[in-house]
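So the protein sequences, as listed, match chains L and S.
Counting from 1, one number per residue, gives the positions in the first sequence under this note's numbering.
Counting from 1, one number per residue, gives the positions in the second sequence under this note's numbering.
Worth double-checking, as some hints may not be accurate.
Simulated restraints on C-beta separations [said to hold, decoys possible]: (1) L:Ser129 / S:Gly30: 55 to 65 Å; (2) S:Gly25 / L:Val56: 50 to 60 Å; (3) L:His237 / S:Thr207: 26 to 36 Å.
Residues of chain L clear of chain S, computed beta-carbon distances all greater than 10 Å [stated by the list, open to error]: (4) Gln32; (5) Gly70; (6) Pro77; (7) Phe101; (8) Phe152; (9) Thr177.
To be clear, the hints were calculated from the coordinates, so they are not data collected in a lab.
No residue lacks a Cβ here, since even glycine has one placed at the ideal position from N, Cα and C.
Number of protein chains: 2
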Amino acid sequence: MSVSIKDVALKAGVSIASVSRVLSGKPGVGAQTAERIKQVIDELGYRPNLGARGLVKRKTGNIAVVVPRGSYILNNPFFSTILDGIAKELDETEFNMLMSFTSVQQQRLLETQAVDGAILFSPRNEELSMDWLKSLAIPIIVVGSYLEDSPFPCVRPDDEEGVCQSVTALFDKGHRTIGLVNGPMSSMHSVRYYKGYERTLKSLGLTMNKELVFELDEFDGGKVVEVVSQFLQGNQHMTGVVCSSDFLAIGVMKAADIANVSIPHDLSVIGADDVPIASFLTPSLSSVHVDLVGMGRKAVSLLTQLVEGEQLEKMEHIFPMYYVDRGTTGTPKKK
Amino acid sequence: MSVSIKDVALKAGVSIASVSRVLSGKPGVGAQTAERIKQVIDELGYRPNLGARGLVKRKTGNIAVVVPRGSYILNNPFFSTILDGIAKELDETEFNMLMSFTSVQQQRLLETQAVDGAILFSPRNEELSMDWLKSLAIPIIVVGSYLEDSPFPCVRPDDEEGVCQSVTALFDKGHRTIGLVNGPMSSMHSVRYYKGYERTLKSLGLTMNKELVFELDEFDGGKVVEVVSQFLQGNQHMTGVVCSSDFLAIGVMKAADIANVSIPHDLSVIGADDVPIASFLTPSLSSVHVDLVGMGRKAVSLLTQLVEGEQLEKMEHIFPMYYVDRGTTGTPKKK
DNA sequence: CTGAAAGCGCTTACAG
DNA sequence: CTGAAAGCGCTTACAG
């Protein structure tokens with residue numbers, strides 16, 4: 001029973017065309033009539049029905065943020081911080097945001113012409129069918145990671161530089177036996193982290209020991225605690241470890257506690273992405289910082305450009321990372 | 001350029017009415033025709049335009065999840081865990097979900113007939129105008145907290161019972177000087193926590209000391225570290241503290257570290273809501289558990305009932321809380 | 001069982 | 001400057 005454009009036209013004694021014109025600020029309405037119409041709009045508290053408008057303009061005014069593996073990702077601050085940026089930037093636009101956290105929702109959302117464009121959050125290779133995505137025929141931006149061989153622009157951290165700085169920071173403190181706690185190789189983020197780790201070790205003249213590389217299924221989760229604590233109980237030589245997410249680093253801290261290994265005295269730990277909670281922990285977590293909020297903002301602004309038919313100059317928008325020294329890193333204990 | 005119902009009708013040699021009927025599973029179409037239509041739908045990969053359907057059915061098929069103070073709340077696991085439940089339950093429905101994290105988005109979302117109903121996430125009193133909410137004329141469910149004097153059903157934890165269990169747990173371990181780190185009184189959650197704290201102390205024969213009650217602006221944030229660490233540096237008698245969120249408890253852990261107060265040796269700490277990260281911390285955080293995922297699910301199922309015109313039997317859906325003993329609580333040190 | 005028609009709330013050429 | 005009309009993609013009485 002909400003008031004429609006007809007009600008406004010009736011009360012103002014004009015046609016709905018004129019009402020529509022003042023609504024969209026189009027010319028072709030006399031100053032006085034426009035004034036009267038505006039008044040009636042206020043009086044009646046009229047609000048345009050976006051669905052109806054969308055139908056004729058063939059634009060919904062909505063964008064989608066799709067998060068595959070929602071239940072894994074939701075509790076990861078890497079996600080919520082980027083989402084914070086997305087939300088902030090959204091205020092600068094006219095778009096509403098639809099979100100999906102499961103494949104069921106994803107499909108419903110993307111296949112029903114409910115959105116003008118989509119932001120894919122850290123998708124993994126082969127998780128989403130490239131053909132399906134292309135068949136959607138809407139602009140798509142990937143944020144937080146990128147998809148192999150994909151035609152979609154992405155916004156992501158400079159992972160390789162990040163891990164390079166982590167490893168180097170440990171090296172500079174005197175560490176020579178440095179491990180890597182990584183996510184799954186289906187994520188390009190992990191792939192890059194691995195590559196960067198390998199490359200940096202080599203360039204520092206250290207040899208890589210596969211035994212010190214841990215590959216977990218997820219960037220969060222409790223599995224890391226089990227795996228790493230078990231390892232630490234039998235190991236005496238690894239003095240530092242770099243992780244491909246802060247969440248994994250928190251797991252390593254827990255693992256160290258269980259294995260009775262003290263941080264940073266016996267083991268130095270560095271996370272990645274520097275989520276807000278990192279500096280809040282005890283001890284506070286050393287990490288490689290990246291502007292996650294800025295990444296979220298960037299993703300939205302790129303997507304709106306695309307939706308408005310503009311061309312993008314760059315396909316990759318890479319955000320710099322820099323090491324932040326906090327409480328979980330120190331000089332290795334002499335043995 | 002996507003395929004419409006017309007294209008299907010044309011290719012199948014029937015009217016759009018028949019196509020529409022098979023689409024919605026309505027009777028009145030011959031078995032053979034229906035079969036043919038279904039085939040064409042598949043061939044063409046036709047998907048109904050939800051916006052158009054919504055226009056005539058006067059139902060959008062969307063619900064809103066509105067999160068005031070988004071940037072504060074986004075990084076709070078209390079939120080993301082409930083959202084996880086919301087997302088899970090959404091799979092059982094036909095609804096898409098729109099989210100808003102700022103007042104700008106909120107207004108745009110709720111005033112433009114874009115949704116059939118809304119879930120308000122932990123709103124504070126006077127943050128949202130009750131008149132405005134009522135004028136929206138859509139079903140509304142409040143989750144995570146509740147609004148004073150509001151006509152909206154709510155889904156929330158049994159806060160008073162939670163804090164009662166926290167205080168009692170400390171008491172049973174021998175603590176007699178127990179503080180409270182609380183959120184702002186504009187949140188009913190804090191109000192209830194305060195009340196429950198006061199009541200429990202009294203019933204245990206302890207006297208309340210206002211000096212030990214800390215009221216913060218937010219349930220997360222770094223302010224708590226500053227305030228509590230300062231206090232701890234001058235205080236020698238408080239041996240335990242209950243917090244109205246796990247996030248605040250993490251802040252207290254940090255504060256204790258700064259003040260050189262050891263947990264749980266010198267100070268026992270209990271959080272609230274038992275978010276996933278609680279058990280993951282070092283030491284793991286004692287808390288009062290509540291089924292946050294279940295709360296999210298419940299909110300969705302109640303909202304869909306309302307949207308479908310059903311009546312709700314209860315206005316308050318209160319989830320039980322129970323104490324979980326972990327690493328941050330112990331016997332007070334003798335002095 | 002089947003289709004022509006009206007209508008949901010808008011926008012936008014097209015006339016005047 | 002202004003309005004009547006067509007149309008966006010659907011659903012649903014209403015006839016037949």
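Hint-by-hint comparison with the structure:
no., hint, in the structure
1, L:Ser129 / S:Gly30: 55 to 65 Å, "35 Å, violated"
2, S:Gly25 / L:Val56: 50 to 60 Å, "28 Å, violated"
3, L:His237 / S:Thr207: 26 to 36 Å, "56 Å, violated"
4, Gln32, "27 Å, holds"
5, Gly70, "5 Å, violated"
6, Pro77, "6 Å, violated"
7, Phe101, "4 Å, violated"
8, Phe152, "19 Å, holds"
9, Thr177, "23 Å, holds"
The earlier numbered hints that this structure contradicts are 1, 2, 3, 5, 6 and 7.
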